[in-house]
Each structure stands twice: as C-alpha cells, then as structure tokens.
Amino acid sequence: MGAEFVALSLPSMLIGICVAVACALPGNFLLLRRQALIGDAISHVVLPGIVVAFLLTGLVATGPMLVGAAAAAVLAVVAIEAIRRLGRIEAGAAMGVVFTAMFAGGVLLLEQSDTSNVHLDVEHALFGNLESLIWLDATGWRSLLDLDALATIPVELPRMAVALIVICAFLYVFWRPLSVSTFDEGYAQGLGIATAPLGLALVVISAIAAVAAFDAVGSIIVIAMFICPPAAARMVTNRLGHQVAWSAAFAALAAIIGYVLAGYGPLWLGAYGSVSAAGMIATVSGVILAIAALAGPHRAPTA
Amino acid sequence: MLADALLLQLGYNATLVTLGACLLGIAAGVAGTFLFLRKRALVSDAISHATLPGVGLAFIVMVSFGGDGRSLFGLLLGAGVSAAVGLLCVHWLATRTRLGEDAAIGAILSVFFGLGIVILTIIQTMNSGRQAGLEGFLLGSTAGMLRSDALLLAIAAAAVLALVMLLRRPLELAAFDPGYAEAAGWSLARIDLAMMGIVLVVTVVGLKVVGLILIVALLIVPAVSARFWTDRSDRVVLIAGIVGGVSGYVGAAVSAVAPALPTGPIIVLVGFALFLVSLLFSPGRGVLASVLTHWRYQRRVHMRQGLLALAQGQPIYEKLTHRLMYRAGLILPDGVATGDGQAAASKALLDETRWSIVRADQSFAAAATRYDGLTAIEEFLTKDQLREVDRRIAAPQAVL
Chain Y
8 MGAEFVALSL PSMLIGICVA VACALPGNFL LLRRQALIGD AISHVVLPGI
58 VVAFLLTGLV ATGPMLVGAA AAAVLAVVAI EAIRRLGRIE AGAAMGVVFT
108 AMFAGGVLLL EQSDTSNVHL DVEHALFGNL ESLIWLDATG WRSLLDLDAL
158 ATIPVELPRM AVALIVICAF LYVFWRPLSV STFDEGYAQG LGIATAPLGL
208 ALVVISAIAA VAAFDAVGSI IVIAMFICPP AAARMVTNRL GHQVAWSAAF
258 AALAAIIGYV LAGYGPLWLG AYGSVSAAGM IATVSGVILA IAALAGPHRA
308 PTA
Chain U
4 MLADALLLQL GYNATLVTLG ACLLGIAAGV AGTFLFLRKR ALVSDAISHA
54 TLPGVGLAFI VMVSFGGDGR SLFGLLLGAG VSAAVGLLCV HWLATRTRLG
104 EDAAIGAILS VFFGLGIVIL TIIQTMNSGR QAGLEGFLLG STAGMLRSDA
154 LLLAIAAAAV LALVMLLRRP LELAAFDPGY AEAAGWSLAR IDLAMMGIVL
204 VVTVVGLKVV GLILIVALLI VPAVSARFWT DRSDRVVLIA GIVGGVSGYV
254 GAAVSAVAPA LPTGPIIVLV GFALFLVSLL FSPGRGVLAS VLTHWRYQRR
304 VHMRQGLLAL AQGQPIYEKL THRLMYRAGL ILPDGVATGD GQAAASKALL
354 DETRWSIVRA DQSFAAAATR YDGLTAIEEF LTKDQLREVD RRIAAPQAVL
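Chains as they are written, first to last, in the numbering used here: chain Y, 8 to 310; chain U, 4 to 403.
Calculated directly from the structure, the hints in this document are not laboratory data.
Just so you know, these numbers come straight off a predicted model, no measurement behind them.
For each residue, glycine too, the CB sits at the ideal point set by N, CA and C.
Check the hints yourself; a few may be wrong.
What the hints assert, rightly or not - In silico negatives: residues of chain U with every beta carbon more than 10 angstroms from chain Y:
1) L141
2) E185
3) R362
Unchecked claim - Listed next, the stretches of chain Y that the computed footprint assigns to chain U, with coverage defined by at least 3 CB atoms under 8 angstroms from CB atoms of chain U:
4) 88-101
5) 105-114
6) 168-175
Construct the complete structure from the given sequences, taking the supplied hints into account.
Here it is in structure tokens:
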C-alpha cells in the first residue's frame with residue numbers, strides 16, 4: 008500500500024467516488040420527484056451526442072463531447088415532452104421511444120464510422136474503463152504534493168471534481184426552492200418559485216453529472232448511482248437533508264468497496280486477473296440498497 | 004442485395020432469422036400494447052437488463068459441465084431465470100418498500116446489468132470464454148448464426164406469438180378497462196402476472212436478435228405508434244402488431260445485408276421511422292393533422308371577423324384577413340366590399356344578432372353553449388326557433 012497504490016488505484020478510486028457522489032446528489036431529487044428513470048434516459052442519449060461531436064470535430068476532446076452530449080440531452084428532453092403533448096402519450100413510454108431510438112442511432116453511427124484508432128466504442132460507453140485511469144508519474148503519497156507529478160494525473164479526476172463542485176454549488180444555492188418544489192409543487196408556485204425552469208435545471212445538472220462521468224466509467228454506473236444510493240438513503244431517514252447526506256455516504260462506500268472487490272476480490276478467491284470495476288460498483292450499490300430495503304428503519308411503504 | 008434480403012433470397016438461415024424477427028416483432032408489438040396501456044412500459048427495460056447475469060452464469064455452468072457453453076437454448080434459459088428474479092425484485096421493491104415502481108425499475112436494471120458485466124469479465128478471463136460471443140446479446144447479432152439457433156429462434160417466436168394470441172382477450176380487457184375486468188371476475192393480479200410472463204418470454208426470445216439494451220423499444224414503439232392511428236382497442240393491438248412485424252422483418256433483412264452492424268439498432272430505427280410517420284401523418288393526433296386543423300380554424304376566425312367589420316362599415320387593416328377576403332372575392336383590393344361581400348357580411352351580422360338574442364335568453368340555454376363565434380346559428384336551431392328569435396329583432400323603422 009505505497010507507491011503502487013497511489014499510482015494504480017488512488018486516481019481510479021477518487022474518480023469513482025466523485026462520479027458516485029456527483030450522480031447520487033441530484034439523484035435524490037429525481038427519486039423524490041418520481042423521475043428516477045431520467046438518469047437512465049440521459050445516460051443512453053449522451054452516446055449519439057458524443058459520437059456526433061466526435062464525427063464533427065474528429066477528436067476525442069472534452070469540450071466538444073460535453074457540448075454534443077448536452078445538446079443530445081436537451082434534444083431528448085424536448086422530444087420526450089413533444090411526444091407526450093402531441094400524442095397524449097404517457098411519460099414513461101415517450102421516454103422509452105426517445106432514448107432507445109437515440110441510443111440505436113448512436114450505436115450505428117459509431118459502428119459505421121472509423122473510430123478504430125480512438126478510444127470510443129459501444130462497450131466502453133456502457134461500462135467504461137475505470138481501471139485504466141492510472142497515474143504514471145506517481146511515486147508515492149508524496150507525489151500528491153509534487154506539482155510536476157500532479158500535472159500528469161488522469162484528466163478525468165480534475166474534470167470529475169469540477170463537476171462535483173458545480174453540482175454541490177447548485178444544490179447549495181437552490182436547496183430551499185428545490186426541496187419545496189419537490190414536495191409540494193403547488194405551494195412552491197404560490198411562493199413565486201419558477202418550478203418549470205427549476206425542474207429543467209435539475210435535469211441539466213443531472214446531465215452534467217452523467218456526461219462528465221460517462222467518459223470515465225460508462226453509463227451503467229451512472230444509472231446505478233442516480234438511483235441506488237438515494238433509494239437506500241430514502242429507507243434510512245425521513246429528512247431530506249439526512250437523506251442527501253446518507254446517499255452521498257452510500258455512494259462513496261459503494262465506489263470504494265466496489266473498486267477494491269473488483270481489483271483484489273479475484274486474488275482473494277485464488278483466481279487471477281480482475282473484474283469490471285464499474286460493474287462491481289453497481290453491484291455493491293445494489294447490495295447496499297438490498298440491505299436498506301430489508302432493514303432500513305423507514306422502509307415501509309407510505310400509505 | 005437489399006431487395007434480395009427483403010424477398011428472402013439470401014439463403015435458408017437468413018430467411019429463418021428474418022421470418023423469426025417478423026414473428027417476434029408482431030408478438031412484441033401486441034404484448035407491448037398491453038404493457039403500454041397498463042402504463043408499465045418501462046418494466047420491460049428492467050426485465051431485459053436483468054437477463055445479463057443469467058446469460059453469463061448459464062455460460063459458466065455449461066462450461067463447467069464440460070460443454071462449450073454456446074448452446075443458445077441454455078443461454079436463453081439462464082436469461083429467463085435471472086429476468087424472472089429481476090422482475091420479482093422490482094415487484095417486491097415497488098410493493099413492499101416505499102420506493103416507487105420507477106425507482107425499483109432503475110435500481111434493478113442497473114444493478115443486474117452491473118452484475119452481468121462483472122460476470123462477463125470473469126468469463127473473459129476463462130480459457131473457453133475468449134470467443135464466447137456473449138457481447139452479441141447486448142445489441143443483437145444475427146450474422147453467422149447457426150442453423151439450429153436460427154430454427155430455435157423462428158420456432159420460439161412463433162410459439163410466443165401463439166401464446167400472446169391465446170391470452171389476448173383477458174389482457175385486452177385488463178388493459179382497456181381494469182374496473183370492468185375485475186367486476187367480470189378476472190383477477191387483475193393474475194392477468195398482470197400473465198402479461199409480465201409474456202413480456203419476459205418475448206424479451207428472452209428477442210435477446211439474440213435485438214439485444215437486451217434495445218428490446219424495450221420493440222415492446223414500446225409499436226404500441227405508441229399505433230395509439231396515434233386509432234382509439235379502438237382491437238385496432239391498436241392490430242396496428243401495433245403490424246408495426247412490430249414490419250420493424251422486425253425489414254430490420255433483420257437490412258441487417259443480413261450489413262453483417263458488421265449489430266441487428267438491434269437497425270430494427271429499432273426501422274420501428275422509430277414508422278413511429279415518426281405516425282407522429283407526423285396520422286389523422287387526428289398527427290402533427291400535420293393538428294396543424295391543418297389549426298390553420299382552418301384560423302382562417303374561419305379571420306373570415307368571420309372580416310365580414311363583421313365589413314357589415315359595420317369598419318376598414319380591414321389586418322393583412323391575413325384582407326388577403327383571405329380578397330381571394331374569396333368578397334372585397335376589392337382597396338377594401339371595398341363586392342356584391343358577394345355585402346351579402347355575406349349582412350348574413351354574418353344577422354347571425355351575430357340572432358346569437359346575441361339566443362345567448363341572452365335562458366330558454367335557449369342549451370343552444371347558447373354551442374356559441375363559438377364562428378358557426379351559423381341555423382345549425383343548432385329549428386326553423387320555428389329561428390322565427391321566434393327573428394321576431395325579437397327590432398324591425399327596421401323609418402326615420403321620422
């Protein structure tokens with residue numbers, strides 16, 4: 008647990024924690040607003056956005072990819088709303104139509120285009136490659152104080168940290184209007200809160216979390232973290248503040264345990280190699296949810 | 004090449020796969036309609052993602068018993084078992100805890116999928132697992148399918164379709180009128196269970212063709228498309244079946260021509276194209292139809308207001324009104340009324356006067372509710388009533 012840990016595991020683990028917490032925080036509000044599946048939809052539709060951005064610019068760079076993914080997310084929200092209104096179709100079904108079609112389009116674009124020389128394929132989009140984010144120049148814990156070494160830290164870590172800070176800032180600033188409009192939209196409107204733009208802002212913030220995380224860890228962990236930690240936290244407490252705190256703790260816990268199990272679990276069982284960290288983190292978050300659902304103090308259905 | 008594929012000229016296997024995909028599409032379209040009308044469309048997303056651990060575990064089990072682990076039947080059996088476990092978990096979370104069904108769906112689909120990915124990476128480290136081809140289950144792959152697999156697929160799809168048709172009546176009843184179904188002695192819980200069973204079977208059979216990520220589209224898109232065309236229950240089912248069948252058939256045929264591309268996305272995009280056609284061009288709910296309706300309404304309002312202005316000797320400034328009336332030959336370019344225009348204007352004014360009397364009189368309350376400022380009053384009143392109304396309009400008198 009020295010230089011090797013800092014170089015090979017620490018960055019991935021920190022990125023995993025940042026992703027998990029960044030997705031879990033807005034996930035609380037989506038869960039309470041019964042929009043839990045928006046995370047699912049967003050993480051599917053960012054794929055075509057990223058592919059189109061790549062095809063237009065020809066490079067795998069953060070800026071264009073973020074713009075493309077955000078544009079795709081907004082397009083999806085607009086399309087879902089349009090189908091819902093025009094056809095008087097239930098929201099869930101409208102969502103199902105839009106995100107599957109966009110994902111299918113993204114997959115075909117990706118398979119059609121020549122992306123063999125860049126790091127972009129469907130499997131990567133689905134379950135990412137957290138394990139590969141290593142910090143080559145790290146020589147030990149002291150590297151954390153060494154500016155030269157810090158400059159070579161995987162770019163995903165600062166990116167994810169910035170996303171996490173943006174999300175925290177959003178929640179801090181809009182905490183009251185968000186919580187009021189989540190629990191009682193009519194009352195919030197009575198108070199003069201613009202609930203519709205606020206709801207859209209929540210979706211955009213979730214999209215930011217999903218897009219930033221997408222590149223590092225793939226979409227499956229994003230969906231899991233949007234839902235499982237908040238759902239588990241919901242069974243632990245009745246207070247919103249506590250729920251958000253619990254969900255962040257559960258998310259970080261899932262990231263740490265999942266990463267360790269994926270990296271070292273097979274060795275402990277006497278096998279060699281390792282398993283997908285993203286998959287393992289999602290699985291651990293499911294185990295946490297299962298424990299909360301079986302033993303959480305507030306698990307009973309509300310009448 | 005594509006024409007050959009569409010006409011089933013690409014060999015026995017491709018034909019089997021195409022026909023199988025068509026039958027599967029019909030079954031999925033019909034089953035999906037019930038799911039959609041029960042407002043549980045996305046449950047199928049949880050079911051399909053929950054198949055992945057089962058596929059992986061089935062592979063491992065088959066390998067450890069000495070097989071090569073590629074038996075499609077074995078893999079699909081494993082998929083079915085783990086999908087059923089996932090479905091039970093969704094049901095348990097949604098009914099026995101405070102979580103809503105949407106959260107339960109999201110939790111189960113992501114966790115099971117994550118677990119499946121873990122198992123897939125374990126398989127990749129196994130010696131026999133390098134060429135397992137299990138990735139084909141993610142997005143569907145029909146290229147290079149074995150004869151026996153293609154046969155299994157076609158037969159299973161036909162069996163699913165037969166099952167759906169067998170259970171169609173109770174499912175339709177529960178989907179369109181749950182209250183009546185219960186009153187008629189059906190158990191809604193059992194019908195829902197049967198519906199979920201069918202969806203599960205459709206999902207499992209479709210796994211190899213459409214892939215687990217996108218199979219949800221084959222269940223939802225046909226039903227949503229069909230909803231645009233009709234309000235009648237039996238026709239929604241019929242149209243959804245057709246949309247699903249065409250998506251499966253055309254998608255699989257196109258995919259036979261482009262073996263490098265995964266089959267699922269092609270089928271889904273064909274279905275989505277049919278959906279777009281429905282969204283834009285269906286009569287009644289379609290975008291084009293509502294634009295036309297709005298446009299006609301707008302013209303009627305402008306025309307009416309223009310005529311009233313003419314009758315009262317006011318000039319018409321509004322451009323659209325001016326253009327419409329000029330084109331109809333009611334006014335000259337300078338805004339002066341023609342003979343036709345004067346006649347139509349006095350008719351419109353008379354209409355308004357009659358309406359104002361009708362609306363002021365309680366005894367005409369029923370007719371007064373039909374007033375929209377556009378419709379001629381003759382459509383709602385009898386001749387006798389009209390005479391009664393006209394009697395109250397003050398007769399023109401000579402100026403003394």
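Against the structure, the hints:
1. L141: violated, 7 angstroms
2. E185: Per Cβ check, E185(U) is outside 10 angstroms of chain Y; nearest 21 angstroms; holds.
3. R362: At about 32 angstroms from chain Y, R362(U) clears the 10 angstroms cut-off, so the statement holds.
4. 88-101: holds (count 9)
5. 105-114: holds (count 6)
6. 168-175: Violated - the region 168-175 of chain Y has 0 residues with a Cβ nearer than 8 angstroms to chain U, which falls short of three.
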